[in-house]
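2 protein chains.
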Amino acid sequence: MDESRIYLTHLECSVCGKQHAANVEQHLCSCGGILLARYDLAAVASDVPRDRIAARPWYAGLWRYSELLPVAPADRVTLGEGATPLLPLDWLGQELGMDAWLKDEGLNPTGAFKARGAAVGVSRAKALGARTIALPTAGNAGAAWAAYGARAGVPVIVAMPKDAPPLTQQEVALYGARLHLVDGLISDAGRWVAEGVAREGWYDASTFKEPYRLEGKKTLGLEIAEQLGWQTPDVILYPTGGGVGLLGLWKAFAELRELGWIASDRPAPRLVAVQAAGCAPVVRAWESGADTTAFWEGAQTIAAGLRVPGPLAGALMLRVLRETRGTAIAIEDEAIAQAMSELAGHGFWVCPEGAALLPAVRRLRASNWIRAGESVVLLNTGSGLVYPDVTPPNGAVVI
Amino acid sequence: MDESRIYLTHLECSVCGKQHAANVEQHLCSCGGILLARYDLAAVASDVPRDRIAARPWYAGLWRYSELLPVAPADRVTLGEGATPLLPLDWLGQELGMDAWLKDEGLNPTGAFKARGAAVGVSRAKALGARTIALPTAGNAGAAWAAYGARAGVPVIVAMPKDAPPLTQQEVALYGARLHLVDGLISDAGRWVAEGVAREGWYDASTFKEPYRLEGKKTLGLEIAEQLGWQTPDVILYPTGGGVGLLGLWKAFAELRELGWIASDRPAPRLVAVQAAGCAPVVRAWESGADTTAFWEGAQTIAAGLRVPGPLAGALMLRVLRETRGTAIAIEDEAIAQAMSELAGHGFWVCPEGAALLPAVRRLRASNWIRAGESVVLLNTGSGLVYPDVTPPNGAVVI
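One line per chain: the protein sequences are E and B, in this order. Take the position in the first sequence, starting the count at 1, then add 1; the result is the number in my numbering. Take the position in the second sequence, starting the count at 1, then add 1; the result is the number in my numbering.
It cannot be assumed that every hint is accurate.
Stated by the list, open to error - Which residues of chain B face chain E? A few of them, derived with a C-beta cut under 10 Å, are:
hint : residue
1    : P58
2    : L88
3    : N109
4    : G185
5    : E224
6    : L313
7    : G348
Unchecked claim - Computed beta-carbon distance windows for the label pairs:
hint : chain 1 : residue 1 : chain 2 : residue 2 : range
8    : E       : R51       : B       : S265      : 32 to 42 Å
9    : E       : G98       : B       : R326      : 21 to 31 Å
10   : E       : K163      : B       : R323      : 48 to 58 Å
11   : E       : G346      : B       : T10       : 33 to 43 Å
12   : E       : A373      : B       : Q95       : 21 to 31 Å
13   : E       : A264      : B       : Q339      : 39 to 49 Å
14   : B       : N369      : E       : R192      : 55 to 65 Å
15   : B       : G185      : E       : R51       : 53 to 63 Å
No wet-lab data here; the hints were simulated from the structure. C-beta: ideal position from N, C-alpha, C; glycine also.
Given the sequences, and given the hints that come with them, work out the whole structure.
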């Protein structure tokens, strides 16, 4: 079996369906739509038995799923990303009468799930000849892309709000990336990047403005399926800012079903977009039945990664929630801080984005949207170490 | 194959050889010697082909080596520890004319290799009926034991220097452990713990005062061997404070050889104890040919985990360095800070302890102690995220 074979065939616009060549740099479709990577899944299904994936060494991380990724082995830029644990939360399962799991993405390079997207995105950008990679960020994606750029030897430029977490700013500089601070939000940082892309020819790695970050995030869903013995959980809760992970989960389970690696008679997991009450454009659009998101004015939350007021993939996220029979829910900062304390009391110091999932799952269970006996995965996107400034004091007992 | 079988047979004193029962709580030997866990390795060798280990799922983490651990599956307390990457450092290998690898232990719960020892130590303590676990710490072991105690539902008491990293103090409290700050060093914290152990009956989890933390750290060596295709590297550099990882590596390769899982005609890796110039009791003893370490007065370094002035295992560490034909070397704080910047420029934000390995490997190669073409593993014990206060500014380029 030739593990170096790339099954990527083309890119497909998620809006108009137009096909684009995958062997040259591509960003958005001419219609403005987001491009999705497409593979020869029939060939993968015929060439690769599912058990061959299981037999691959653990230390290959997310690259164990090489046939579903757009990167040749020689082009991989790796810091050891992926292969994170899926841990049972017995106490929560007992409280709510269901099976509860935590997928802990804090155990990644740079302490967050952003490493998956950056590993695949930087690998592919380098292979396509990118000379300078630029991106805006609300939180820790900037640190991840800076780290992988450093590993790859490709210069990175990161633009972020000047009130983004200080540690993230420090990290970007430490990895040797150039840092641009804007007096505004990720949307303002994005405008600054767009100008530089047009003027300087930077490789635009803004969320969804290149198709490969999504492929890295997709491995989240592949791992969850494998960790559950190639079963699908009933529900996955995901803290939603730009939405790359949400779409990655959707794409993962769609590809797994087409491959026949998961049962085709079982529905895809119902995906839940969990947002902060201070920046909830997806929740507002979902509740009003809108087809796309409207810009959220005055975005503010302690969960920096959720402060994305105008996500490019707004319409696509809403489509994914409809297709998977999911939902969207907003959580207040006070409840997020309380959940950080509570989860730490069970051994998990999660980031505020991940903490938002705990009150969310309780509310969805209370309303019986999640039913008794269902299996539910909370996707914690990062470690609390990434946000030391928003740690609740948690009543230190000094003796 | 019954994966629930425990092959642990007894505990053996590393000084006098006396055997102790392993099915009850044990700490030091009556002679004061450190106890080592012993297994029925002949039975393991006959029951478990090496390939069965490789076939176990990646998401079992360090528990993949269950037959070499003292914990029954039902007793495991896990946060997803172990199974960390071993990454080639091509730039360093080319510079020095050798094969260079980084074992990155930052990808563990609590961001450091301490999770391995805490996972196995807390699992075993709980199984043996411990009601309160107490330990002193110089750095991040306290956070790890607090986290695993929280996961296990066993109360933890941590004593540490009041000038230990603020983030570590915050973490211990966040996980709900009780915190005692001493105006002194880890040795002073250790005296306070010893008093409480005698007075209150706490389970003493001080470094080497229980035999199972070492078993968790041992998995470092098991993983390195497996990741190199069951080959032994020529040299492993280890940042040495209390020395649990150093002894764990030694024990791992000894057991692997006895099992026949690595070639018996190849020597064990030469182990290098890397210390901070401001606290180098092992280096001083090694250079003077002493049989044990002397207390290091006025210990001070930015690498908090290396500030262990009177390690309990001093004599045993020196024996290990002799047996493996290793060495010991001290690195100044300025060189540590520079190495943090340099490694970040290659994508790795490591802790100061891990950064010390970079100048160490260069000096050992320059003196030809490491020879051309040898394979060398740098064991980075944790993420830089654990020590945001000691991050070098690294010339932020703000544009």
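Taking the numbered hints from earlier one at a time, note which ones the structure violates and give those numbers from smallest to largest.
-> Structure breaks hints 4, 6, 9, 12 and 13.
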